[in-house]
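Read top to bottom, the protein sequences are chains A and B.
For the first sequence, position 211 matches number 275 in the numbering used here, and the numbering has no gaps at all.
For the second sequence, position 74 matches number 87 in the numbering used here, and the numbering has no gaps at all.
By construction, these hints were calculated from the structure, which means they are not laboratory data.
Beta carbons are placed, not taken as given, at the ideal position from N, Cα and C, and that holds for glycine.
Certain hints may be false.
[Claimed, not checked] Here are the simulated EDC-like cross-link-like pairs (lysine to aspartate or glutamate), alpha carbons at most 16 Å apart as the crow flies: (1) B:K152 / B:D17; (2) B:K200 / A:E298; (3) A:K266 / B:D17.
[Said to hold, decoys possible] With beta-carbon atoms standing in for the labels, derived distance ranges: (4) A:Q218 / B:R230: 37 to 45 Å; (5) B:D67 / A:L267: 37 to 45 Å; (6) B:R92 / A:G120: 30 to 38 Å.
[Unchecked claim] Covered stretches of chain B (in silico footprint by chain A; criterion: 3 or more residues with CB under 8 Å from a CB of chain A, positions within the stretch not fixed): (7) 99-105; (8) 156-163.
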Amino acid sequence: MIETTRTEALFDAFTTLADTLVAGYDVLELLQSLVEYCHDLLDVDSAGILLANPDGDLEVVASTSEANALVEIMQLDADAGPCLESFRARAVVSVPDIGVDSERWPDFTSTARTRGIHSVYAIPLRLRRSTIGTLDLMRNERGEIDPFDVRAAQALADVATIGILQERTIRDASTIRDQLQQALSTRIIIEQATGVVAETEKLSMDEAFACIRGHARARQTPLSMVARQLVSGEIRL
Amino acid sequence: MTADPFQTASDVLSEAGGRIDELARPFVRFLPVSGASISTFGSLLGAETISATDARAGRVDELQLDLGEGPCWDALITRAPVLEPDFASSETWPAFSDGIREENIAAIFAFPLMFGPLEIGAVDLYSSTPMQLTDLQQKQSMALSAIVSRILLRHAVSGGEPGETTTFSRRLIHQATGMVLAQLGTKADDAYLIIQARAFADNRPMRDVAEDIIERRIRFGTLRETGEETP
Chain A
65 MIETTRTEAL
75 FDAFTTLADT
85 LVAGYDVLEL
95 LQSLVEYCHD
105 LLDVDSAGIL
115 LANPDGDLEV
125 VASTSEANAL
135 VEIMQLDADA
145 GPCLESFRAR
155 AVVSVPDIGV
165 DSERWPDFTS
175 TARTRGIHSV
185 YAIPLRLRRS
195 TIGTLDLMRN
205 ERGEIDPFDV
215 RAAQALADVA
225 TIGILQERTI
235 RDASTIRDQL
245 QQALSTRIII
255 EQATGVVAET
265 EKLSMDEAFA
275 CIRGHARARQ
285 TPLSMVARQL
295 VSGEIRL
Chain B
14 MTADPFQTAS
24 DVLSEAGGRI
34 DELARPFVRF
44 LPVSGASIST
54 FGSLLGAETI
64 SATDARAGRV
74 DELQLDLGEG
84 PCWDALITRA
94 PVLEPDFASS
104 ETWPAFSDGI
114 REENIAAIFA
124 FPLMFGPLEI
134 GAVDLYSSTP
144 MQLTDLQQKQ
154 SMALSAIVSR
164 ILLRHAVSGG
174 EPGETTTFSR
184 RLIHQATGMV
194 LAQLGTKADD
204 AYLIIQARAF
214 ADNRPMRDVA
224 EDIIERRIRF
234 GTLRETGEET
244 P
């Protein structure tokens, strides 16, 4: 029964995403929605998307919590952890218990464990020969992830990849590299906007980001545009 | 609209980019002075002549730096322009006047270079004939000085920043930049530069300063006295 509801919810998510792709969209908005779907529909406690910058290093561009503590863990993962491994090997990396081989990625493992994270699944974002980043799923419990969740996550990851690569064809002239660069530099504006709102509204970074996201949704304005307006002082929340 | 000499000078400065040795020239292009020089000194940066339009301008600068006295020092200490339209009969700086006598300087003007609370240095302008600067020319000189301050500060701090800028620390720095720009009502570039300069002045990594800002241990007050008024 529960399984059916979940499948339906997932189906709805795909339909919504497909609509978004057709309508023209903001890449970061799409990626943010994806990690939220992963969190809501799959048995994971936190999720993030990391994209490779022009130097080939992975950067967190979307995560289920903007709390810097979580982002730092994902970034450690990107520097030396399952995410990096998945990106390099172009394959799913499943770590049901990160404590088993804690010397493999010492910085990542110790930081993740202090935050109560015990298992990690990294899924590459790839389309044909291109691998552009990874989807990072984390759970607070030990153990293998449900095979259904793996398939669903892979499908969501594919949507993210197609979303990014498709926007490239819309813009035509730009290369994948430009496209990724664009997503990463938009991320900078979003960080700045989060800082602005944290300061003016006396909020934590996580709350400030949620506030910006809510504002963008309520007005059906792209996240990146709201961020830009906040940074330039054109709007205040 | 005919080309406004001030606007031209301002554009030239803004585009000067890496050529800091050319920063003095735009001042003589738009003001009827004989020469200009720019130097860094004060609490933040080492004493050094950065740019001079001619040998005499260089000498004006160098002598003041050597003596630790002269209009450029007073300008930076008072954070205000020092205007000496009749330098020949001035007795304000005996050692400097004595040293520069042979150079036959009739008027001298110094404008402070600063960025928020930070001391950068000064611009010296001289004329071989007695002259005054109008109020507008003073304001315009202050505006150009503000541009020069940014360029010099950026130049000074960009060399530093020892390693340790990971992707994660950059994220913190961008968030802190947002907080500082909201605190000061500036642009993102300036807010970033302020954090960078603070890190440079305290000899700490930018990430640490950014964390202090995010945790609300460091707050920046208003950014005053940057000579930012529009002429």
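How the hints compare with the structure:
no.: 1; hint: B:K152 / B:D17; in the structure: holds, 15 Å
no.: 2; hint: B:K200 / A:E298; in the structure: holds, 12 Å
no.: 3; hint: A:K266 / B:D17; in the structure: violated, 44 Å
no.: 4; hint: A:Q218 / B:R230: 37 to 45 Å; in the structure: holds, 44 Å
no.: 5; hint: B:D67 / A:L267: 37 to 45 Å; in the structure: violated, 55 Å
no.: 6; hint: B:R92 / A:G120: 30 to 38 Å; in the structure: violated, 47 Å
no.: 7; hint: 99-105; in the structure: violated (count 0)
no.: 8; hint: 156-163; in the structure: violated (count 0)
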